[in-house]
Amino acid sequence: MKLHIPNSAFIGNIDPFLRGINFSNPNELILTANENWISVHPIVLSLIAALGLPIEPAHIHCEKLTAKSAHYLERMGLFKFLGIDSGMNISEHESAGRFVPLTQIKNSDELSAFITEMIPLLHLEPIQTNSIRYVISELVRNVLEHAQSKNGAIVSAQYHTRSNMIRIGIADTGLGIKKTISRSHIVHTDLEAIRLALIPGITGTTSKEGGTEFNAGAGLFFTKSIATVNHDYFMIYSGTAMYKLLKSRIKKLNADPFNDRHSSAENYPYFQGTAVGIDISLNETQEFANLLSLIRTTYSQTVRDRKKARYKKRPQFI
Amino acid sequence: MKTINLFPLVGEFAENKDIARDIRLNQIIPILSKGEQIILNFSGVNSATQSFIHALISDLIRTYDTNLFDILLFKDCSTTVQEIINIVVDYMLERD
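Note that the protein sequences, when read in sequence, are chains A and B.
Once you know that position 211 of the first sequence is 211 in the working numbering, the rest is easy, because the numbers rise by one and skip nothing.
Once you know that position 56 of the second sequence is 56 in the working numbering, the rest is easy, because the numbers rise by one and skip nothing.
Calculated from the structure, these hints are not laboratory results.
From a predicted model like this one, the values you see are computed outputs, not experimental measurements.
Watch out, some of these pointers could steer you wrong.
[Claimed, not checked] Label pairs and their computed distance ranges (CB to CB):
(1) A:W37 - B:D65: 22 to 28 Å
(2) B:G35 - A:K247: 49 to 55 Å
(3) A:D109 - B:I39: 25 to 31 Å
Each residue gets a CB set at the ideal place from its N, CA and C atoms; glycine is no exception.
Make the full structure from the sequences, and use the hints.
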């Protein structure tokens, strides 16, 4: 596997980074980086960590990083995570108020503990943390319940003071969305699977409306809605497909992610797993209850529409 | 009438679905089965995820339909928790 960390890779411009990943030879990782500058979204780090975690440290080769900003990778715990020495000597800053380093979460109790410990690190107002902890809980629980990932979920986050924005990245090397959704729905492509996974009420655990007693299939829709209402980026990469919610001034929530302003493609290098990234602008953060009110309206309408559509389906006598 | 205080079980952010399921299976259902009324006391719980509330009450709605709301009462819910309960109730009642 070969990964090159570019000078800049945030959700808005992450496409070349993903397209440049070489997934061949999964037992080896060769990591290179821009010589002058490195500034990347946590999803990049979570993805690299998730891919590198199963690989023996002896088979991970990282070129000497010369960019001064490469210290960011050290502070986020990337090299510690991969079990390799970066050769950097830095005084580790107190992480409070700036970032949540790469963390592996393998079960429900670890997730609850992570959320409890993470929030004080960010030193934010309670109104600002509602969306953050909500998103992390729903996304990581998706991994734990559906992905069958041996290494659980890899999470990292960074707070950017200047833009007053928190960026969150979660990655796993589990089944991927297509395999999980295919358990209960007919899907032909990775992008189709991502689309279904984002529609409220659709879960891989059942084809029944309303889900099972344990799964409703709404976690990703809620997460996308938080990004939509706050006019922020959100993305999912799984298999060969990537869906990206683009910034928009429109607050309307759509059940079908293809009706949102977005970009998508399914000719990316095949990634066995799922990576999700989201930006949450704290300047734009809506009162959480208002957001939920919007979600309620959209969700109910979606269930009604799908019910109508279901009754329209009749046997085909040929 | 029995009261189940959720805060000591789930903290101020109710998100652990495993705990929600345990509460439903081991505390709520046995009481409802005896025909008794229950108060779910959310005092101290500031927020919850839809997944948590779904794991807590969706199966009860399937079983009792709207009659559930005569025997299961929600006390001291924050606006956020109320909204999430309403979302789950709405889509469960719309489903069939």
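A quick look at each hint next to the structure:
Take A:W37 and B:D65: their Cβ atoms lie about 60 Å apart, and the range 22 to 28 Å is violated. In this structure the supplied range 49 to 55 Å holds for B:G35 paired with A:K247, their Cβ-Cβ distance being about 54 Å. Here the CB-CB span from A:D109 to B:I39 is close to 27 Å, well matched to the stated 25 to 31 Å.
Hint 1 from the earlier list is the only one contradicted by this structure; the remaining hints agree with it.
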